[in-house]
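Visitor: Sequence:
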Amino acid sequence: MGFTSIPTDLFFYPIPLTQPGQLLTRDELYKHYEPPKGRKVYMGNQDEFLSFESGIATVKLKLNDDSIYYLYLHVEKEELHIGCTCGMPDEKLCFHAFIGLFNLTWLSQTFDCQKLYWPNFYNDETSRKFLDIHVSSQHINVEAKPAYGSFYRSLIGFGKSSFPKLQEQIDKTLSTKAGESFVYAYALCFAPDIYRDRHCPLLIPFHGKTDRSGLKLVAFSNFCLPDKEPNPSGDHPSQQQLNEISKTMYDIIRPLTYKNEYRDWRVWNEAKATIFTLWQKALPLLVDFPYNHIYLLYWLRYLREKPTKFFMQGCRYSLEQPSLSFMLTFHKDRFNLSVEVIIGSQVIAVEHKPHFFIHDEQTGNCYMMNNIQDDSLLNWMLDNKNIITVLKEDFAEFNEDFLKVLTKCYPVFFANKTGNRTAYDYNLLKTRLSL
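Just so it is clear: in the sequence shown, position 219 is 698 by the numbering used here, and no numbers are missing.
Hint data in this document are derived by calculation from the structure and do not stem from the laboratory.
Among the clues, some could well be false.
Label-pair restraints from in silico Cβ distances [said to hold, decoys possible]:
1) Leu798 / Pro890: 19 to 27 Å
2) Glu604 / Gly823: 41 to 49 Å
3) Asn899 / Glu723: 45 to 53 Å
4) Thr487 / Arg518: 49 to 57 Å
5) Lys644 / Thr487: 42 to 50 Å
No more than 27 Å apart at the CA atoms, straight line, and that leaves these computed lysine-lysine pairs for BS3-like [to be verified]:
6) Lys864 / Lys556
7) Lys571 / Lys510
8) Lys909 / Lys896
9) Lys539 / Lys594
10) Lys688 / Lys785
11) Lys909 / Lys608
12) Lys896 / Lys871
13) Lys811 / Lys788
14) Lys644 / Lys707
15) Lys510 / Lys556
16) Lys571 / Lys608
17) Lys608 / Lys896
18) Lys644 / Lys871
19) Lys510 / Lys644
20) Lys644 / Lys608
21) Lys644 / Lys909
22) Lys608 / Lys556
23) Lys644 / Lys883
24) Lys510 / Lys541
25) Lys883 / Lys909
26) Lys883 / Lys896
27) Lys556 / Lys883
Beta carbons are placed, not taken as given, at the ideal position from N, Cα and C, and that holds for glycine.
Could you put together the complete structure from these sequences and hints?
Guide: Given below as structure tokens:
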């Protein structure tokens, strides 16, 4: 039987997915089929992914006796349904399905079923429009097309890319040197975008030299690292405070950069919160300092004592804090949600972002986020291309799961086709769009 033809009355055996993330484990598989003893039965069996259509992945299984079977995998929120061309007599998991799933769980003792879970995308037209489906013999990768960012999926939301947990916020109300002089200044050392979790932004002092005007730096001699220069310069009381803050940051983060692969995320988040608080103390001191810079540092462990001039860029700190607002739009069969960053009364574009800060490329101003929640949420949105796509069929669930919480914490607007904005109101929108 060809793999494109699935009998309409084919029996699908359900296997519960008991682990977080819709993982099928080898232990769960063994509950449904007694694993045969001996190695011979497992050797020489070959499985090959053929297609993913209408929510069903087709796998060709060639057993070590050269017999061929086709397996059909369909994922629900809490179950993997598997069918086989043998029909599974007595409606029990067959040997062929067991071997196929055994092979799929070979490398890590688990199989990630979530990559096959795309409810409401089973229609071929919908699937072709919104999804990129890549099938090779050993892998199936299904993801949103770049234009749609990240999709909300019914019952699991954003899956492993979990939406940041939100809580309602409580309201809480030096001069330049002469030309060609050596100066002592401070750099915000950061890693942006996908690299940002390598280390938190650090404040590190450095020595530099001004140009003839005395207004900007043209040379950078060395960073003043605590383990290389234990008694840095700084006669001004503010400099002494900043040096203490810098050393504390460095001492907290430096050991964690060597533990990326085995990071204890609880420890990391506690450290992150401490660093954020230290930056809140440092910022008012830095505002009036000349010669502040940002420094692109992809990995703290590779920080050299001498700065790379290409990665240094002058900046000015501002005590203005960015605020976030969300924009919802409707496009016939889907909704899109994006975030806007507002400083004062202006919306600014943000493309590349480290933890805690926004650097406005046009003005050179550097702004610190109001709190870690705002920062985490903005990072998450930017990592998802600042566009969340929700099918019209899933919108009621999306509203219940996410927008209700979001609207309690942030302003959310709905923009119609002409661009007019109104405060988001689900009941009003439901009536207007016949949801």
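Visitor: All hints, please: hold or fail.
Guide: Structure-based check of all given hints:
1. Against the hinted window of 19 to 27 Å, the Cβ-Cβ separation of Leu798 and Pro890 comes to about 22 Å, which satisfies the hint.
2. Range check, Glu604 to Gly823: Cβ separation about 45 Å, and the 41 to 49 Å hint holds.
3. In this structure the hint that Asn899 and Glu723 lie 45 to 53 Å apart at CB holds, the actual value being about 52 Å.
4. Range check, Thr487 to Arg518: Cβ separation about 38 Å, and the 49 to 57 Å hint is violated.
5. For the hinted restraint 42 to 50 Å between Lys644 and Thr487, the CB-CB distance of approximately 44 Å keeps it satisfied.
6. At most 27 Å may separate the alpha-carbon atoms for a hinted pair to count; Lys864 and Lys556 meet this at roughly 26 Å.
7. Proposed proximity of Lys571 and Lys510 is supported: the alpha carbons are some 12 Å apart, at most 27 Å.
8. Between Lys909 and Lys896 the CA atoms are separated by roughly 16 Å; this keeps the pair inside 27 Å, and the hint holds.
9. The suggested pairing of Lys539 with Lys594 holds, with an alpha-carbon distance near 19 Å, which does not exceed 27 Å.
10. Annotation: proposed proximity of Lys688 to Lys785 holds, straight-line Cα distance about 13 Å (limit 27 Å).
11. This hinted pair checks out: Lys909 and Lys608 have alpha carbons roughly 25 Å apart, not beyond 27 Å.
12. Of the pairs offered as hints, the one joining Lys896 and Lys871 holds, with about 16 Å between alpha carbons and a cut-off of 27 Å not exceeded.
13. Distance check on the hinted pair: Lys811 and Lys788 sit about 50 Å apart at the alpha-carbon level, beyond 27 Å; violated.
14. Among the hinted pairs, Lys644 with Lys707 is inconsistent with the structure: their alpha-carbon atoms are about 40 Å apart, more than 27 Å.
15. For the given pair, Lys510 sits about 19 Å from Lys556 by alpha-carbon distance, which is consistent with the 27 Å threshold.
16. Of the pairs offered as hints, the one joining Lys571 and Lys608 is violated, with about 37 Å between alpha carbons and a cut-off of 27 Å exceeded.
17. For the hint pairing Lys608 with Lys896, the CA-to-CA distance comes to about 21 Å; that is within 27 Å, so the pair holds.
18. For the suggested pair Lys644 and Lys871, the alpha carbons sit about 24 Å apart, so the restraint of at most 27 Å is met.
19. Between the alpha carbons of Lys510 and Lys644 the distance comes to roughly 35 Å, so the proposed pair goes past 27 Å and is violated.
20. About 31 Å separates the Cα atoms of Lys644 and Lys608, which puts this hinted pair outside 27 Å; it is violated.
21. Of the supplied pair hints, the one linking Lys644 and Lys909 holds, its CA atoms being roughly 26 Å apart against a limit of 27 Å.
22. In summary, the hint linking Lys608 to Lys556 is supported, as the alpha carbons are separated by about 23 Å, within the 27 Å threshold.
23. About 13 Å separates the Cα atoms of Lys644 and Lys883, which keeps this hinted pair within 27 Å; it holds.
24. Restraint check for Lys510 and Lys541: the C-alpha separation of about 24 Å stays at or below 27 Å, so the hint holds.
25. Only pairs whose Cα atoms come within 27 Å are accepted, and Lys883 paired with Lys909 is accepted, the gap being roughly 14 Å.
26. Proposed proximity of Lys883 and Lys896 is supported: the alpha carbons are some 23 Å apart, at most 27 Å.
27. For a cut-off of 27 Å, the pair hint linking Lys556 to Lys883 stands: about 22 Å separates their Cα positions.
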